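Here is how the chains run, residue by residue.
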Amino acid sequence: MNVDLRNIHKHFGKTYANKGINLSIQSGTIQGILGENGAGKSTLMKVLSGFIQADPGGEIILDGKSVVINSPADAIHVGVGMLHQDPLDFPPMRVLDNFMLGRSGGLFPNRTTVRQDFLKLAEQFDFSLDPDNYVDALTVGERQQLEIIRLLWMGARVLILDEPTTGISASQKNKLFATLKTLAGQGMTIIFVSHKLEDVEFLCNQVVVLRAGELVGEMHPPFDAVKLVEMMFGKVVTLGERQPIQTGDTVLELKGVSLEDVRLKIKNISLNLRAGEVIGLAGLEGSGQDLFIRACAGLVRPVGGRVILKGKDLTGKSYHAFKHEGVNFLPAARLEEGLVPGLSLTDHFVLAEEPKGVFIDKAYGQKLAEERIKSFNIRGNPTSTVESLSGGNQQRAELALLQSPLSLILLEHPTRGLDIESVIYIWSKLKDRCKQDGAAIIFISSDLDEVLQYSDRLMVFFSGDVSEPIDATTTSIEQLGQLIGGKGWPQKGEPHA
Amino acid sequence: MLKSRLGGFVFQLIAFLLALGFVSLILLAVGASPFDAYKNMITGSVGSGRKFAEVLVSFVPLLLVTAGLLVTFSAGLWNIGVEGQIVLGAIGTTWVLRQFVESSVSPWLVISLAILGGMIVGAIWASFAGMLKTFGGVNEIFGGLGLNFVATALTLYLIFGPWKRDGVASMSGTEPFPEAFALPQLEGFRISPWALVIALVAVMIVYFILNGTYFGLKIIAVGKNIRAAYLLGIPTWQYSLYSFLICGALAGVAGALQVTAVYYRLIPAISSGYGYLGLMVAMLINYQAIWAVPVALFFAALNIGSIQLPIVMKLDSSLSGVLQGILVLFVLLTEGVRQKIVKKG
Amino acid sequence: MNYETLLIGLAGVLAAAAPIIFAVLGETISERAGVINLSMNGTILLTAMSGFAVAYTTDSLFWGFLAGMLIGALVSLVVAFASITLKQSQVAIGFVLALTSRDLAYFLGNPFMGVPGPRLQAMPIPFLSDIPILGPLFFKQEASTYISFLAIVLAWLWVFRTRPGLMLQGIGEKPAAAYIRGANVNFMRYVYTVVGGALIGLAGPTYSLGVRAGWMGTISGLDGIGWIALSITIFGGWNPARAAFGAYLFAFLQWLGLVLQPVLTQVPSQVLQVAPFPLMILTLLLVNIGDAEWVSRTLAAMPESARKFFTKFLRAMRASPPAALGVPFERD
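Residue numbers (the numbering used here), protein chains in the order written: chain A, 1 to 497; chain B, 1 to 345; chain C, 1 to 332.
Worth flagging that the hints you see were computed from the coordinates, not collected in a lab.
Since this is a predicted model, take the numbers as computed values, not measurements.
Any given hint might turn out to be false.
From chain B, some residues computed to sit far from chain C (all C-beta separations above 12 Å) [claimed, not checked]:
#	residue
1	98
2	105
3	108
4	127
5	182
6	188
7	189
8	208
9	233
10	238
11	290
12	293
No farther apart than 25 Å at their CA atoms in a straight line, the calculated lysine to any residue pairs in the SDA-like style are these [what the hints assert, rightly or not]:
#	chain 1	residue 1	chain 2	residue 2
13	A	317	B	230
14	B	343	A	392
15	A	120	C	162
16	C	87	B	287
17	A	356	B	226
18	A	181	A	79
Computed far set for chain A versus chain C, every beta-carbon distance over 12 Å [stated by the list, open to error]:
#	residue
19	121
20	173
21	218
22	221
23	315
24	357
25	425
Don't be surprised by glycine CBs; every beta carbon is placed ideally from N, CA and C.
Model the full structure from these sequences, guided by the hints.
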């Protein structure tokens, strides 16, 4: 199906998420859409898939016919289906129920014929999905597969995929790409939204780049990666010089730590972390790095091994005991876990100080807040509630909550969703604190460049397996990418290089 | 304008008028004159000093309960079990008083001990709902409701069983205590100034805890985001439990005063629905302690004002409950409308 | 107790459970769609009163039941409007309505206190009622009891076997996903809340025109039933069949309390009357406790066989609510 988007505008309040976008895609094309976070990719795709409506004046033309898409139901009716980044399915329900939910028909669906259709489609793409299994038992990759055949069954001829390679394994990714190529060969139009250059380079027939709501460039193979990056960011990106490490005493020692949760078992991690050192944790989301960092914070109790902080055995102690020894944990979900919406910056700083007295000292709180706001360059005032701050300023506020004495800083995705200036600022602040307090840092990031740029050593997680700490300076992004995807791991028993 | 304090006030005024209008319609529907009904309620509550004293009698437990609920609401908890906590406070007080009926201990000491006993038992009862929530994952609404029924049953059991009156047990309650065990009253009025002072001090303490102490700030943080509060270093489940204990203690005092200043014995309906009414007051004042006194006083006046309706107008006295409920309902609805308009504009 | 009184007693249990069945089914489908209707306790009282009043005035049971359903629907419409359109707390609005409807019932019901009025009569079904055991048990009931049987089956079929029912599950679970599958989420939430409210509204007249005929104001003994029904809904794990089982269990225990009273004279009657409430807390505890952190730690420390047994037991008891229960839905 040929897709023509003409003059698409969309604003939220005063900011424009899309500004006059024109894009035509021929039937059978795999169209890549690149752009950094907040560039307007998702908005454009939500407009096409009916999740939101564009401002008046634009037009969507499918196979030469202008269509009005007011809801996702309208979209699928005219043949546009979208695979959302966070699968929009129903985890506690069965695969087959998920498959047929939303399909119109009689009061009592005929499960036998639905099952036949399902199995036929699954077989066609070589997906091994059990229709009677529950969706919450599936991997993200399998849930994508389910969603793809569901959309095809609903009659999709344009398939939009939003960041589909986040969170799936390498083999699932290969299978996904093969499927997409097959579908394009059959005349389907595939729109592939991503910020991952390598995926787009590998898969797409043509690429457009969005920046700040506008379409800023277009490219056909062979792709020039440097130029694409330049288009995405509007400038040549440099991340600053790597600083040599000066390590001090041991801060954290893990001796054969084993961790478990419902999905994963991680066995026998040993680590010796020194003051001043930064360790990056890489891996697809949900590979065990979150479990690991929470164990270092005392939020998850290890099922085996010992956790020793500055010579003190803290194994099995609570998070608050860890905190008293100078461990600080900054979670990724800022407004859900890190900060208290409704409370002001002053309240946060005061609470984090663990005040001893009974009565609130207003003058002290005010002074403290002003000081922190200044030294962390937060755009807000002492009485601002945290939810009124922008993401970058919330992150700065979290950093300003770090308590002295500090021995270990644990961060989940410290710079996710932030602009490049904030990223550089936050890292410089972190390194300062490290030096000043003799602390070490462990952080999780799904941004490989960030992991390589800022860590001294890194650990790779792959479905519960953990690599020995690797020297970050001698690791290339390709090597790291392969490890994350499960390639290049030593065989069992073989010592690690 | 809508965002401002004045805007909020205008909407509350609208809510009040709508509620009044709605209740008037109900009154017209049953063939009664709204004007007469309201007039009777006003004269029945503030028509004389004696009647106003009655209002204050009702105001004392309501204010105590509201003050306690402000703490649990701040901690993000719906302490519906407050009703039972009043009952257990009354039971605790009755138990203490019974120990001293034959003794020659100073009545002042006995009364103080009895109120303290009610406070402790109320707090213990509240901790049950708190522990069910913290350790059992049972929502405090359901745990609290269940405990309320158990509390009522316990009262009935005591009145008809171990604590029954000499001769025949009846719904009229236990044997009244000797006069010495009553909190002294104002000459010629039923209200005990001591009870009034206790309630007013309680609400001031709660206001101060929530607005001026680190303890209160921590409770508020727990109420707004329990995960983040924990990560900030606050021992969250302990603070949830503290808020239950404070609320239970204040409800217990309310129950204790019902025994020592109002009924002088344990009766089946000792809590008189003040727990549920306190929840309504707390919702109406949008959990702001500063408004607790006037609104609780107003609700108490409605309660007392409606007492003479059955005699004078052959209307059921539950009209006050209807009026209170409709008022809270309209305040919630207009607040929703206001938020919607603010968000759009 | 002889065999025949036992049968009559059990048949009575089925009848006594009927209003609770209506209430828990109504609440179940409302919560399945994502809306907690906490007003239930007041709604049952208000509809019991108004159902009786209308039936008395019109001398028609039909109008009485219809009035109950309409008023139940109306109260739930307020819940829906406040929570779906105005995005206010469902708990707050429901609680206020629970108290207000109760007081309204007492206020408006004043003239009907204790007056004799119409009531449902047993309607034996020809032939079926002659079957031994099953006949007297199931087929010599009042119309409302037959309807309650039917309602269980229909509600279960609707939720788990029909296409709209599948969507209903989806709306309560993940509204955004239901929305992309073509559901008008907020409209459907309105519909299910109101239909659920109408079912709850059937519970009141089933009491006042059947199980406990008449209107007795504050001494009707109906205050509290709605709260029990709410916990049965949770016990039922949002499954109409399991919820109905909970309702029967509750009615059975109440009957058992009555039957045992003369036998267990040393247990005061107040204790037996109140027995369902601690039991309710206990069941809620069993339903929820499996998720508590200390439980999993305790389990981990148990010997293998004990751990297996308890894990299995807790998992069977466990019930997770629809994921979007109480969460307003907004596009994007």
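Against the structure, the hints come out as follows:
no.	hint	verdict
1	98	holds (19 Å)
2	105	holds (32 Å)
3	108	holds (34 Å)
4	127	holds (14 Å)
5	182	holds (28 Å)
6	188	holds (32 Å)
7	189	holds (28 Å)
8	208	holds (26 Å)
9	233	holds (19 Å)
10	238	holds (14 Å)
11	290	holds (20 Å)
12	293	holds (21 Å)
13	A:317 x B:230	holds (15 Å)
14	B:343 x A:392	holds (24 Å)
15	A:120 x C:162	holds (23 Å)
16	C:87 x B:287	holds (18 Å)
17	A:356 x B:226	holds (21 Å)
18	A:181 x A:79	holds (18 Å)
19	121	holds (17 Å)
20	173	holds (23 Å)
21	218	holds (27 Å)
22	221	holds (32 Å)
23	315	holds (14 Å)
24	357	holds (32 Å)
25	425	holds (30 Å)
Every hint from the earlier list agrees with this structure, and none is contradicted.
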